[in-house]
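Engineer: What follows is the residue order along each chain.
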Amino acid sequence: MLLRGFTTAATLAVVVASCGSPETRGGEQVLDDAGRPVVLHTPAERIISLAPSLTELLFALGAAAQIVGRTDWADFPAEVVGIRSVGDGLSPNVEMIVASQPDLVLFYASPSNDVAIAQLERAGVATASLKTDDLADFMRATRLVGRLSGHEAQADSLVSWLETEMSTLWESRQQSARRSVLILAWDNPPIAVGGGSFLSEIVELAGARNLFADTDRPSLTVSIEAVAERNPDVVLVASDSGLPGWVQRPEWQSVPAVRYRRFVVVQGSEFSRPSYRAPAAVRRLRTALAELQP
Amino acid sequence: MRWAGLIALALVALAIGVAVGPADLSPSTAWGGLLGRGDATAITIVRDLRLPRVVLAFLVGGSLAVTGAVLQALVRNPLADPYLLGLSGGAGLGAVVAISLRLGGAWTVPLAALVGALLSIALVYQLAVVSGSVLDTRVLLLSGVVVGAFAASIMGAIMAVSTAPEVRNALLWLLGGFDAASWRALGVFAAYAAFPLGVIYRQSRPLDLMSLGEEPAGFLGADVERLKRVLFLAASLLTAVAVSVSGIIGFVGLVVPHATRILWGHLHRALLPAAFLLGGALLTAADALARTAFAPLTLPVGVVTALVGVPLFVVLVRRWAK
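Chains A and B are the protein sequences, given in the same order. Residue numbering for the first sequence follows our numbering, starting at 294 and increasing by one per position. Residue numbering for the second sequence follows our numbering, starting at 57 and increasing by one per position.
The following label-pair restraints were derived from C-beta to C-beta distances:
1. Ser384(A) with Asn133(B): 33 to 41 Å
2. Arg502(A) with Ser82(B): 22 to 30 Å
3. Val373(B) with Ser378(A): 51 to 59 Å
Selected chain A positions facing chain B (in silico; Cβ < 7 Å):
4. Trp479
5. Val515
6. Glu544
What the hints contain is simulated information worked out from the structure, not anything from laboratory work. C-beta: ideal position from N, C-alpha, C; glycine also.
Generate the whole structure from the sequences, applying the supplied hints.
Structural biologist: As structure tokens, this is what we get:
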């Protein structure tokens, strides 16, 4: 799955390189992840980012000064608090966006943004929808955002650094005795994280195996019985306040990993979305898994 | 004969519930697990996960069906169901508040839902008691709907402005399911449910009179005002506890009483136990289907009750109407 991601990223890199930058190619179009052309003649100078992952990316590319709007959800880096928020990132407030006079609005690719995108296009504001669900998405988004914001060189070096990091991690992962990890997003109903997700990639890179890697969906509602039957070695939860309360509930004691408190609790947004912090997240998870060794 | 058939149906539903599940256990392995023999995982799955879940689903289904039957007789409205009286809104609001305040703890969400449901019962009751101690069933219906709508809109507002992403999961919990089933949850539910169920059953005869109308019931010797208060409180408390262990499961409390009336007639002494068994069997079967149809995924059980129950009910109504 991960290797497939890398090949996709590599193919895309070639395609993007052959297109050149948007401002110098009159008539040639840049397509976003929704397949829509991004109409921009010069690099954007006033950008609104409606996804925390893209806000973080703009900072990483050195484009922080060009950001004129973010969402309430943006939480990294700490400097985002200095940028005005336009509210939610899905079905956003178009009036607040237009009032900030952006020349480019970056959306998370979702059908619930279609109305806002159409309204902004009528108002003459360029938009780009980007999927940032896994690392391959992230690398593609990095190149595209780099071009649109005029930071192509930074984007290229970020992508090649990340590719090197990822292949180093991929090759150095422990391959014998891979432990199975239940990634639990919620306890009632139990929602597990499936194979088609960033966290699953992180777990695989850390040398373990996602208990529900066989499902392509990013998350799935399961029953405790399905978890008990698959019998994970470790439970991974994201929580800012330590072990969640449900670990004490009697029905969960049927899962040995819960009964013996074999938990890895991770904290921080580097686990919730792909970013250049992913290698650090993988290393932290590796350490945590190693410390859990029986 | 009809009773034997109904009891057999209930037992079959319970047996299917224990025999099937996302874990692919053969019937003999499941039987062995039930008796405590064989593979330790199979024993855990059957004894600690399936058995309490199946019995809890049965008791909740039965309780919802009985509650629906009582409320339909009490307010003399065929559309009455256990959630009509503002309970779903109150319970949902409690759960959403607990999640958005990020209250931790093993029992937070069900307890908060119970508190929300009890508060909405108290409010509805206050609104419906007019001129001293007379409980006006028309006002009861209206205040139930209004309080439920009010709580639901506060819940919607919290969900819109809350920064806790988990709040969306409260809705999933609210859709209903038995993932929180355990022997302890089962014990708590059984202990709470026994009293209101007993109270309701003792009022079978007055309930028959109530279906004739409040005035005729009064002429025939029923203490109508006391009866209305007792039944409303018993039915509401029963539903509130059901919500706190399993979320909001629609359809059972609305349609099972009607189906039972078609098959069993209108006398509550027979109608109530029959509705209990039928509701229990339906919900147990629906939960088994919810767990296995797309395993390892589970469906919200409320979705399945309607999917299975509506076609059955349509057949029944067609045959009855002829």
